[in-house]
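Turn these sequences into a full structure, and let the hints steer you where they fit.
As they're listed, the protein sequences go chains A and B.
Residue 102 in this note's numbering sits at position 102 of the first sequence; the count goes up by one each step and never skips.
Residue 285 in this note's numbering sits at position 285 of the second sequence; the count goes up by one each step and never skips.
Don't take every hint at face value.
Computed beta-carbon distance windows for the label pairs [stated by the list, open to error]: (1) B/D377 to A/Y101: 50 to 60 Å; (2) A/T170 to B/D84: 33 to 43 Å; (3) A/I112 to B/E138: 33 to 43 Å.
None of these hints come from the bench; they were simulated from the model.
In this text, a Cβ means the ideal position worked out from N, Cα and C, and glycines have one as well.
Here is how the chains run, residue by residue.
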Amino acid sequence: MEIFGIPTALLGSQLLVGLINGSFYAILSLGLAIIFGLLNIINFCHGAQYMMGAFVAWIALTRFGINYWVALIAAPLIVGAVGVVIERLMLRRLYKLDHLYGLLLTFGLALIIEGVFRDQYGISGESYDVPELLSGGINLGFMFLPIYRAWIIVASLTVCFGTWYMIERTKLGAYLRAGTENSQMVQALGINVPLLITFTYGYGVALAAFAGVLAAPVFQVNPLMGSNLIIVVFAVVVIGGMGSIMGSILTGLGLGLIEGLTKVFYPEASSVIVFVIMVIVLLVRPAGLFGKT
Amino acid sequence: MKTKQLAITTCAAALATLSAGASAQISGGSVKIGVLTDLSGTYSDLAGSGAILATRMAIDDFIAKEKPTFKIEVVTADHQNKADIASNKAREWIERENVDTVTELVTTSTALAVMKVAKEKDRIAIMNGPASTPITNEQCNDITVHYTYDTYALANGTAKAVTQQGGKNWFFLTADYAFGHSLEKDSSAVVTANGGKVLGSVRHPFPGSDFSSFLLKAQASGAQVIGLANAGADTTNAIKQAAEFGITPTQSLAGLLMFITDVHSLGLKPTQGMFLTTGFYWDRNEETRAWSKRFFDKQKKMPTMVQAGQYSSIYHYLKAVKAAGSDDTSKVMAMMKKTPINDFFAKNGQIRDDGRMVHDMYLVQVKKPADSKYPWDYYTIKATIPAAEAFQPLALSRCPLIKK
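Put into structure tokens, the structure is as follows:
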């Protein structure tokens, strides 16, 4: 059977692959959206932090023999802690200034972090094997699905919706949202707002590192792996609506699917399609699909 | 400006005894070599700082062995794979710093831009990193040398061997820019000429990171061989993901441009059994091992063909300056073309009138992990492709300098 001249089997497999990529977009744009929504910082070193997550996992495995499962928890904690230090020492000074200052600072940090890793590990990248438990694949009839790719979808969706639940449905999340609306009032009620903000940045960074660990067995662990991805992720955030939590998750998944379809029908445009959509969305709904005007 | 500029004075002792007469033919009293390469991007492992090290080694060895009466200096810069940065830097070097030759120039676009500037200013350009054949065809000139390899030689080696071994049906995964197109075109021609068939191709954006969609298309095509007409991180990611999706070993991959640094970074598990064509392999004989170990001691990586070619070409250039007794462009170039190249890199290498340095190339197969006995023991040399067959014959040349 064929749809527009493309066999349905191929179409099905491309949609699934699109969903896998969408999972990466979702988890990365979620981190960006949280940081922007609650701190008003455009975190340009998100890609570098994603890369650090992958490298921490690789270093843990090759130097210390620490396996994938431990790294999946430990790497986000370590990179998140680095994020906390960055927030405390640098970002904190910029909250009162224009967005642009935070963007420039984090952009500079991204260049420095990538430069250090490049100097240390070169550009060719390092290989990280798929963990034993998740290696191999299942034949779905229309495609061979590597188990690890299925795991990516499960892990990333769990973390994404868990995060959404925490922010939208729990007391801690309520403090966070209140803190961004009126920090002085919340502070007056006895809540340590600066600590909350530090925690939020650390969490956003940890999400990036988590995505990095997920990506390590799929892509070559390489100092520039984040910079190739980050621009697309920014477009996802803009399309979803800056700061919208659910918006960034759904947009991430949706754009993964659209990109997957583009790769079937016109592969040359697959790197541009996200930006075309961004332009259209900005013209029609400047606040983004899920943003509030 | 990321430019790092290092000028080294290398032969103070020789200078002390330098007579006024001997330096008269050398402009400014010194020969100045510019190394313009990628120090920070995708190609910085295969060229980059290793190419600068190779240049320095060539100069040190030349001074120790040939005891020149002139001074030799090196300047280096990062062209960031951008043609405008490369041509501006080359112009600045030639106009203000009196650089005699601009070398390395990985990435076709930077190479084409710089060879124009160098020709306009009457300076020699020596290319080691770039791959595309237009350098010695449509764009050729009389003072540019394309030294290490090109897409014709790669296709002629790998695509021919794989097709002749029974890989008749091909599907190409091609990087969507000039280099990828050139490699796909050259390879398709070789496949067809050897009785094979090209079933299709897909062009992926450059640089890409997720190739699963494209690989699934290649899988659906039913081709026996998936030809990777890309380089660097694109190639390594594609190979890794092909293994993940169970494409290999049912279908086989042919890496049309792979460097030893790519194999090193992927490891032997996903790359075993692949054929590739190279101009240099460190473990080929005593001579190559001796030089490569010296390189390894400093760089902590074995040299790629680009880095080995850089050494060889710089040494050859300096020898020509000494023999000509001058750094005058046309005299040195005439000497470079006249003298055969005999070192650990090339035997009886010859620079043709189109600027192509022809030398033996090697068809190698990547070893199985169990067969690799020591670090960097990666290849088995399957065949030596003689210089006369390895490169595009002059009869097919599109270079206006070649009179037919």
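Evaluated hints:
no.	hint	verdict
1	B/D377 to A/Y101: 50 to 60 Å	holds (52 Å)
2	A/T170 to B/D84: 33 to 43 Å	violated (53 Å)
3	A/I112 to B/E138: 33 to 43 Å	holds (42 Å)
Violated hint: 2 only; the structure is consistent with all others.
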